[in-house]
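Participant: Residues per chain are reported as follows:
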Amino acid sequence: MNIPQGLYFTKEHEWVKIDGGAGTIGITDYAQHSLGDVTFVELPKTGAALKQFQIMATIESVKAASDIYAPVSGTITETNQELNANPALINQDCYAKGWIAKVKLADPGETGNLMDPDSYKTYVEGLA
Amino acid sequence: MELTRPTPSGIHPEQARRAEELIFEISRAGRRCTHLPGPDVPQTKKPDAKFLRDCPCELPEVSELDVVRHFTNLSRLNFSVDTNFYPLGSCTMKYNPKFTEDASRLEGFTHLHPILPQLAEGAQAAQGALELLYETERLLCEITGMDHFTLQPSAGAHGELTGVMLIAAYHRAKNRKRKYVIVPDSAHGTNPASAAIAGYEIINIPSDANGTMDMARLKEKLNEDVAAIMMTCPNTLGLFENKIDEIAALAHKVDALMYYDGANLNAILGYCRPGDLGFDVIHLNLHKTFSTPHGGGGPGSGPVGVKEKLKKFLPVSRIARNTDGTFALDYALPESIGYLAPFYGNFLVIVKAYAYILYLGREGLIRTAEHAVLNANYILAALKDYYGAACAQGCFERCMHECVLSAAALAAHGVHALDIAKYLIDGGFHPPTIYFPLIVKEALMIEPTETESKETLDRFIDVMVRAAKLARENPQALKTAPLTTPVARLDETKAARDMNCAFL
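Residue numbers (this note's numbering), protein chains in the order written: chain S, 96 to 223; chain G, 1384 to 1887.
One should not assume that every hint holds.
Subject to a maximum C-alpha distance of 20 Å in a straight line, what follows is the list of computed EDC-like cross-link-like pairs (lysine to aspartate or glutamate) [claimed, not checked]:
| no. | chain 1 | residue 1 | chain 2 | residue 2 |
| --- | --- | --- | --- | --- |
| 1 | S | K192 | S | E173 |
| 2 | S | K106 | G | E1603 |
| 3 | S | K146 | G | D1608 |
| 4 | G | K1877 | S | E107 |
| 5 | G | K1862 | S | D188 |
| 6 | G | K1824 | S | E173 |
| 7 | S | K146 | G | D1628 |
| 8 | G | K1604 | G | D1628 |
| 9 | G | K1877 | S | D132 |
| 10 | S | K106 | G | D1591 |
| 11 | G | K1824 | S | E177 |
| 12 | S | K106 | G | D1597 |
| 13 | S | K106 | G | D1568 |
| 14 | G | K1877 | S | E155 |
| 15 | G | K1877 | S | E137 |
| 16 | G | K1824 | S | E220 |
| 17 | G | K1604 | S | E107 |
Here are the simulated distance ranges between beta carbons [what the hints assert, rightly or not]:
| no. | chain 1 | residue 1 | chain 2 | residue 2 | range |
| --- | --- | --- | --- | --- | --- |
| 18 | S | E220 | G | I1749 | 52 to 60 Å |
| 19 | S | K140 | G | K1428 | 50 to 58 Å |
| 20 | S | K199 | G | A1703 | 40 to 48 Å |
| 21 | S | E173 | G | C1416 | 32 to 40 Å |
| 22 | S | K140 | G | L1716 | 37 to 45 Å |
| 23 | G | L1499 | S | H128 | 30 to 38 Å |
| 24 | S | A143 | G | D1628 | 55 to 63 Å |
| 25 | G | E1875 | S | E220 | 28 to 36 Å |
| 26 | S | G221 | G | L1873 | 45 to 53 Å |
| 27 | S | G221 | G | K1562 | 27 to 35 Å |
Sample of chain G residues lacking proximity to chain S, with all beta carbon distances greater than 10 Å (derived) [stated by the list, open to error]:
| no. | residue |
| --- | --- |
| 28 | V1451 |
| 29 | E1490 |
| 30 | G1572 |
| 31 | M1598 |
| 32 | A1724 |
| 33 | D1845 |
| 34 | E1856 |
| 35 | E1875 |
| 36 | T1876 |
None of these hints come from the bench; they were simulated from the model.
Everything numeric in this text was worked out from a predicted model, so none of it was measured.
All C-beta atoms in this analysis are idealised placements derived from N, C-alpha and C, irrespective of residue type, glycine included.
Using the sequences and the accompanying hints, generate a full structural model.
Facilitator: Encoded structure:
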């Protein structure tokens, strides 16, 4: 299970990478593996307001349709348009090319509600 | 070397080949079913040019025999409850007895025009149909413990939307706007969808280690912003929600309403009634519990029942019984949520359910629930050591009308629930529901229904056991299944990613 350093994680298996006042959001390797082949991502709109742990997008795979929850509050500045044509990027490279949205953070302190890589690793191992 | 594939059992290779052809592929220019004679009277006026096509209509050109062979061969490839065991979990694919078809084809019903009871004096000419609707409502009230029913909704999800709209009307009449509907994570996907379409936000409550509603999380989330709790009982893990009375009491304390998804009512018929458990609104799937056909053989029917406090919001028209014993349509419901469907619902489907209820009677309906539960437990007991009975955290010894197994232990051999499902097709069985409920990894959800014999269940169990052994000894044999279908394993990912749809 690939869990890179430098990211924050949610219990719902989203990750966020913080870069100053901005964040990049995606789903984890555990999530893409559980979902199976991703077939569609309903991206949020640029400019949309996100609230931490509220639904921000929907992802469909051959197995199920699932909600993606915002790991942080803020405003969407950009979404990954590549996913419209190639949702498989999430299966192939969920931490880089398969990113979902970029966001301007409302409250950088919210990362305190998220897990670091070590805690997330322990959490995922507990689910097996 | 060309791989030879066995053809579908009992079907000649030539028939299988012909069934794979599209009707457009057998089309030959100029070939016709019928040769119409030319007009023998002068044509006085040609149609306006703007109504004429500017290109030829794309229709297959075939003979009548081509049409008959094409569709007969196709129909022989069909898989149905009438041909094979169909343990598709959560869907209740039980046998649809043929006497109900007879009842629904009585000319008095099929020749009746739906507008008739709405015309002046018309109701007098449709008394039988109105009485049947009225009686069906009363029977469903008795079976479920509700006070009133509407038969209008066209299917289960339509019934759910109706139910949630009634809940919204209830709160609106009390001059309050509530924001949330609580749905457990084991719910049917239609529950959150219906509530969201009706304008509510969804609060998802996880299941606890016993596979039922997590009470601590419920108490944390339940407050006066909650409009309703939507529950299925027994739930989609095939387990009875044993704290249901406590949940209903908590909901009613904040005047949130209890919604019962009737998808699994077939498990508890005659043993308990949702109305007595504290539910305020219920939808039923007549095509499940009351054995009317599913899907293409349908249409569906999703009657909604309510307690007295919601009566005034029910859709118009209502079937009313006059003091002289005659029946009429009642539109005098100013607080009604309005029309939900044209006329009175899928009438001929309701006729089938009515016939089914009368034929089985109280004792018969109770026995259907008993046999449905017995059959599911028989399968669970036989297969749990090969698969593992699953819930989010633990294992169960008993279930209600369906059991959820997990193929998670086979993942180490590269075998998944999908492979088991495909292998079952070669065994002559419809696959169970897979990857649902979502909270079970590699879920295989099996609902045998009450109409299957022990011999059929034993044959199914044999194939499931064989699949579990193959997964460990020769997983490749599962990966290549199915071999007996006109086409091999379909690429479901490609089908979803590169959609090629035709709309007519």
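Participant: So, for every hint listed, does it hold in this structure?
Facilitator: Comparing the hints with the structure gives:
With a C-alpha separation of about 14 Å, the suggested pair S/K192 and S/E173 falls inside the 20 Å cut-off, and the hint holds. For the proposed pair S/K106 and G/E1603, the alpha carbon gap of about 18 Å is at most 20 Å, so the pair holds. A threshold of 20 Å between alpha carbons decides the hint, and for S/K146 with G/D1608 the separation of about 19 Å falls inside it, so the pair holds. Annotation: proposed proximity of G/K1877 to S/E107 is violated, straight-line Cα distance about 27 Å (limit 20 Å).
About 26 Å separates the Cα atoms of G/K1862 and S/D188, which puts this hinted pair outside 20 Å; it is violated. Under the criterion of a C-alpha separation no larger than 20 Å, the hint pairing G/K1824 with S/E173 is inconsistent with the structure, at around 33 Å. Simply put, S/K146 and G/D1628 have alpha-carbon atoms about 34 Å apart, too far for the 20 Å limit, and the pair is violated. For the suggested pair G/K1604 and G/D1628, the alpha carbons sit about 18 Å apart, so the restraint of at most 20 Å is met.
Straight-line distance between C-alpha atoms of G/K1877 and S/D132 comes to about 10 Å, which keeps the hinted pair within the 20 Å bound. Distance check on the hinted pair: S/K106 and G/D1591 sit about 16 Å apart at the alpha-carbon level, within 20 Å; holds. Of the pairs offered as hints, the one joining G/K1824 and S/E177 is violated, with about 30 Å between alpha carbons and a cut-off of 20 Å exceeded. The suggested pairing of S/K106 with G/D1597 holds, with an alpha-carbon distance near 17 Å, which does not exceed 20 Å.
A C-alpha spacing of about 15 Å is found between S/K106 and G/D1568, which places the hinted pair at or below 20 Å, so the restraint holds. A hinted pair counts as satisfied when its Cα atoms are at most 20 Å apart, and G/K1877 with S/E155 qualifies at roughly 13 Å. Pair hint G/K1877 plus S/E137 holds up; C-alpha atoms about 18 Å apart against a cutoff of 20 Å. Annotation: proposed proximity of G/K1824 to S/E220 holds, straight-line Cα distance about 15 Å (limit 20 Å).
At roughly 18 Å between alpha-carbon atoms, G/K1604 and S/E107 fall within 20 Å of each other, so this suggested pair holds. One distance hint, 52 to 60 Å for the beta-carbon pair S/E220 and G/I1749, is violated here, with the actual separation near 47 Å. At roughly 55 Å, the beta carbons of S/K140 and G/K1428 sit within the given window of 50 to 58 Å. For S/K199 paired with G/A1703, a C-beta distance near 60 Å fails the hint of 40 to 48 Å.
Against the hinted window of 32 to 40 Å, the Cβ-Cβ separation of S/E173 and G/C1416 comes to about 58 Å, which falls outside the hint. For S/K140 paired with G/L1716, a C-beta distance near 41 Å keeps the hint of 37 to 45 Å intact. The hinted range of 30 to 38 Å is not satisfied by G/L1499 and S/H128, whose Cβ atoms lie roughly 59 Å apart. Here the CB-CB span from S/A143 to G/D1628 is close to 42 Å, at odds with the stated 55 to 63 Å.
Against the hinted window of 28 to 36 Å, the Cβ-Cβ separation of G/E1875 and S/E220 comes to about 30 Å, which satisfies the hint. One distance hint, 45 to 53 Å for the beta-carbon pair S/G221 and G/L1873, is violated here, with the actual separation near 36 Å. As the Cβ distance of S/G221 to G/K1562 is approximately 33 Å, the hint placing it in 27 to 35 Å holds. Distance check on G/V1451: its Cβ is at least 37 Å (rounded) from any Cβ of chain S, clearing the 10 Å threshold; non-interface status holds.
The Cβ of G/E1490 lies farther than 10 Å from every Cβ of chain S, with a closest approach of about 45 Å, so its non-interface assignment holds. Annotated as non-interface, G/G1572 brings its C-beta within 10 Å of a C-beta of chain S; the closest such distance is 8 Å. No beta-carbon of chain S comes within 10 Å of the beta-carbon of G/M1598; the shortest separation is about 20 Å. Non-interface status of G/A1724 relative to chain S is upheld: no Cβ of that chain comes within 10 Å, the nearest being about 27 Å off.
Non-interface status of G/D1845 relative to chain S is upheld: no Cβ of that chain comes within 10 Å, the nearest being about 27 Å off. Once the 10 Å rule is applied to beta carbons, G/E1856 is consistent with being away from chain S; the minimum gap is 25 Å. Residue placement check: G/E1875 does not keep its beta carbon more than 10 Å from all beta carbons of chain S (closest about 5 Å). Not every C-beta of chain S lies more than 10 Å from that of G/T1876, the closest at about 4 Å, which undercuts listing it as non-interface.
In summary, the numbered hints that this structure violates are 4, 5, 6, 7, 11, 18, 20, 21, 23, 24, 26, 30, 35, 36.
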